[in-house]
Amino acid sequence: MAITKADFAEGLFDEMGLNKREAKEIVELFFEEIKSSLEVGEQVKISGFGKFELKDKSSRPGRNPKTGEEIPISARRVVTFRSGMKLKARVEAYAGTK
Amino acid sequence: MTKSELIEELSKKQPHLPPKDVELAVNCMLEQINQSLSSGERIEIRGFGSFSLHYRPSRMGRNPKTGGAVALAPKFVPHFKPGRELKERVDASKDSYKITC
Chain A
0 MAITKADFAE
10 GLFDEMGLNK
20 REAKEIVELF
30 FEEIKSSLEV
40 GEQVKISGFG
50 KFELKDKSSR
60 PGRNPKTGEE
70 IPISARRVVT
80 FRSGMKLKAR
90 VEAYAGTK
Chain B
0 MTKSELIEEL
10 SKKQPHLPPK
20 DVELAVNCML
30 EQINQSLSSG
40 ERIEIRGFGS
50 FSLHYRPSRM
60 GRNPKTGGAV
70 ALAPKFVPHF
80 KPGRELKERV
90 DASKDSYKIT
100 C
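So the protein sequences, as listed, match chains A and B.
According to numbering that gives the first Met the number 0, the residues represented by the first sequence are 0 to 97, in order.
According to numbering that gives the first Met the number 0, the residues represented by the second sequence are 0 to 100, in order.
Chain A with its partners taken away, still in its complex shape:
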């Protein structure tokens, strides 16, 4: 089962004793703040975790994989995430199967 916002709120309740409403609010705000920053073109760098970067892609020819029909892919701005050294090192140690 994937971790969701509800799990984050519960973590804040357990770790800090924030009440359910406060915890939910701050989880919501946290992700909204990152989205708002990226929305105005500002990349977000979180030490110990990673960096949310923005890239402007120019338009390029694409294809509908089903029909083979050629369709242009429009120019767009995309978000990419580059994990920091610390997170990379921790994840690398994971030996599971997926």
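It should be emphasised that the hints constitute simulated quantities derived from the structure, not laboratory data.
Take the hints with a grain of salt, since some may be wrong.
Derived coverage of chain A by chain B (criterion: at least 3 residues anywhere in the stretch with Cβ under 8 Å from a Cβ of chain B; other residues may be distant) [said to hold, decoys possible]:
1. 4-17
2. 30-40
Heads up, simulated DSBU-like pairs for lysine-lysine below, C-alpha to C-alpha not over 35 Å straight-line [stated by the list, open to error]:
3. A/23 x B/93
4. A/23 x B/97
5. A/56 x B/19
6. B/19 x A/4
7. B/11 x B/74
8. B/93 x A/85
9. A/56 x A/85
10. A/85 x B/74
11. A/50 x B/97
12. A/56 x B/80
13. B/12 x B/80
14. B/12 x A/19
Cβ atoms here follow ideal geometry from the backbone N, Cα and C, with glycine treated the same way.
Assemble the complex: chain A is given as a structure, and chain B must be docked to it using the hints.
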């Protein structure tokens, strides 16, 4: 935006919480993400995106200094897939804002 700026912004929006608590909460959430990923568990945030692990099979690498071949062990790397809302918001404002650090 950096982590401290993020904490500052959140503090402004949560004036009833001491900034120290906001910082603690942010660190707690980041630690939860790191913890889940390092135990192989996915994270799904509706509208924001999902974090998961991608497998990298073992390969032969090179020592850039000596040029000698080195066997690299298989590993997992963190992966982020932006959610629809984030994707749409970022793309919709691309003509209004330049990319900044």
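Against the structure, the hints:
Interface restraint, the region 4-17 of chain A with chain B: holds (8 residues with C-beta to C-beta distance below 8 Å; minimum three). Against chain B, the region 30-40 of chain A contributes 9 residues with a C-beta closer than 8 Å to a partner C-beta. That satisfies the three-residue criterion, and the hint holds. As the CA atoms of residue 23 of chain A and residue 93 of chain B are separated by approximately 30 Å, the hinted pair is consistent with the 35 Å bound. Restraint check for residue 23 of chain A and residue 97 of chain B: satisfied, since their Cα atoms lie roughly 32 Å apart, inside the 35 Å limit.
For the suggested pair residue 56 of chain A and residue 19 of chain B, the alpha carbons sit about 39 Å apart, so the restraint of at most 35 Å is broken. Distance check on the hinted pair: residue 19 of chain B and residue 4 of chain A sit about 22 Å apart at the alpha-carbon level, within 35 Å; holds. Taking the CA atoms of residue 11 of chain B and residue 74 of chain B, the gap is near 41 Å; set against the 35 Å cutoff, the hint is violated. Taking the CA atoms of residue 93 of chain B and residue 85 of chain A, the gap is near 31 Å; set against the 35 Å cutoff, the hint holds.
Restraint check for residue 56 of chain A and residue 85 of chain A: satisfied, since their Cα atoms lie roughly 29 Å apart, inside the 35 Å limit. Annotation: proposed proximity of residue 85 of chain A to residue 74 of chain B holds, straight-line Cα distance about 15 Å (limit 35 Å). The straight-line distance between the Cα atoms of residue 50 of chain A and residue 97 of chain B is roughly 17 Å, inside the 35 Å bound, and the hint therefore holds. Between the alpha carbons of residue 56 of chain A and residue 80 of chain B the distance comes to roughly 17 Å, so the proposed pair stays at or under 35 Å and holds.
Between residue 12 of chain B and residue 80 of chain B the alpha-carbon distance is near 27 Å, which keeps this suggested pair within the 35 Å criterion. Of the supplied pair hints, the one linking residue 12 of chain B and residue 19 of chain A holds, its CA atoms being roughly 17 Å apart against a limit of 35 Å.
In this structure, the hints that do not hold are numbers 5 and 7, in rising order.
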